Amino acid sequence: MRKPCCEKEGTNKGAWSKQEDQKLIDYIKSHGEGCWRSLPKAAGLHRCGKSCRLRWINYLRPDIKRGNFEQDEEDLIIKLHALLGNRWSLIAGRLPGRTDNEVKNYWNSHIRKKLIKMGIDPNNHRLNQIIPRPNPQNDCVSAAATSSGSMSNISACTKAPIKSSREIDQRASQATSVLEDETSGSSSRDLNLDLTIAFPNPPLQVEEEMQKNIKGSFTMAREIETTLQHSPTLALFR
DNA sequence: AAGCAGTCCAACCGCCCTTTG
DNA sequence: CCAAAGGGCGGTTGGACTGCT
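For what it's worth, the UniProt record's numbering labels the leading residue of the first sequence as 1, then goes sequentially.
Think of the hints as simulated: they come from the structure by calculation, not from any bench. In this text the structure is predicted, and so the values were computed from the model without any measurement. C-beta: ideal position from N, C-alpha, C; glycine also. Any given hint could turn out to be false.
30 Å max Cα-Cα, derived BS3-like pairs, lysine-lysine [unchecked claim]:
| id | residue 1 | residue 2 |
| --- | --- | --- |
| 1 | K65 | K29 |
| 2 | K113 | K18 |
| 3 | K65 | K23 |
| 4 | K65 | K104 |
| 5 | K13 | K23 |
| 6 | K50 | K13 |
| 7 | K13 | K29 |
| 8 | K113 | K29 |
| 9 | K29 | K114 |
| 10 | K114 | K65 |
| 11 | K50 | K65 |
| 12 | K41 | K23 |
| 13 | K113 | K65 |
| 14 | K29 | K18 |
| 15 | K29 | K50 |
| 16 | K23 | K50 |
| 17 | K29 | K41 |
| 18 | K113 | K41 |
| 19 | K113 | K23 |
| 20 | K41 | K18 |
| 21 | K13 | K41 |
| 22 | K114 | K104 |
| 23 | K41 | K65 |
| 24 | K114 | K13 |
| 25 | K18 | K50 |
| 26 | K114 | K41 |
Using C-beta positions, here's what the derived DEER-type ranges look like [as the list claims (entries may be wrong)]:
| id | residue 1 | residue 2 | range |
| --- | --- | --- | --- |
| 27 | A42 | D72 | 32 to 42 Å |
| 28 | Y59 | N86 | 30 to 40 Å |
| 29 | E70 | R37 | 31 to 41 Å |
| 30 | G10 | Q71 | 25 to 35 Å |
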């Protein structure tokens, strides 16, 4: 049996109080990040170290951008998800001020459903093989897939009559099962998506080197896009 | 106004990878 | 080289909130 990450007894769980937040902020301001295991004790917090880390990274960090995602951020998330899959930390690394948790939540609550309504499988970014029955409202699917514009076009296509989230999930699983054979071979997930594609919050001293990597990353991204030329969501950005 | 269903998001859990001794 | 510890990540959950009937 695996050892727990920290002592569970005597530690608080659930929502953080203002006092706890302040203690954590004060401690990190004076001591910096790191050594999360010993931090709670040193900071006088009755919390698990992991919980402190999460609270800091996802909520208390001063450079965090709060509020709604802008259209270009959404576009970028979709595009990066098509390239990287559910590697939220890598995707978040390309969105200044956004956290992996935030991106993940936004994907699951907004973008995923939006793609499904468009008839695009959010798992592999391909057009659903089970195209919803003939319906003028669904015309936007093919229109969007062939559009040269941005995802802004999607907003006009979100009125498809799907009644519940359960139905959305069913459609998604249907689509996935239909596409299984197709994707089991040389799917995008099998691509070698090396981690060099991401560069979260680079330290200043390595910026120059990062610039080189950026060039390389974009080259690689282009290659991957070529490989995924049948991906409707990628087509949206062309 | 009340009850219900759906949505959102902060936080937790457990696995995996990296580091350290 | 190996095992243990620490850190990071993605998946999932639960509760607060909102909108609809």
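Checklist line | Hints breached by this structure | finding: 2, 8, 9, 18, 19, 24, 26, 28, 30
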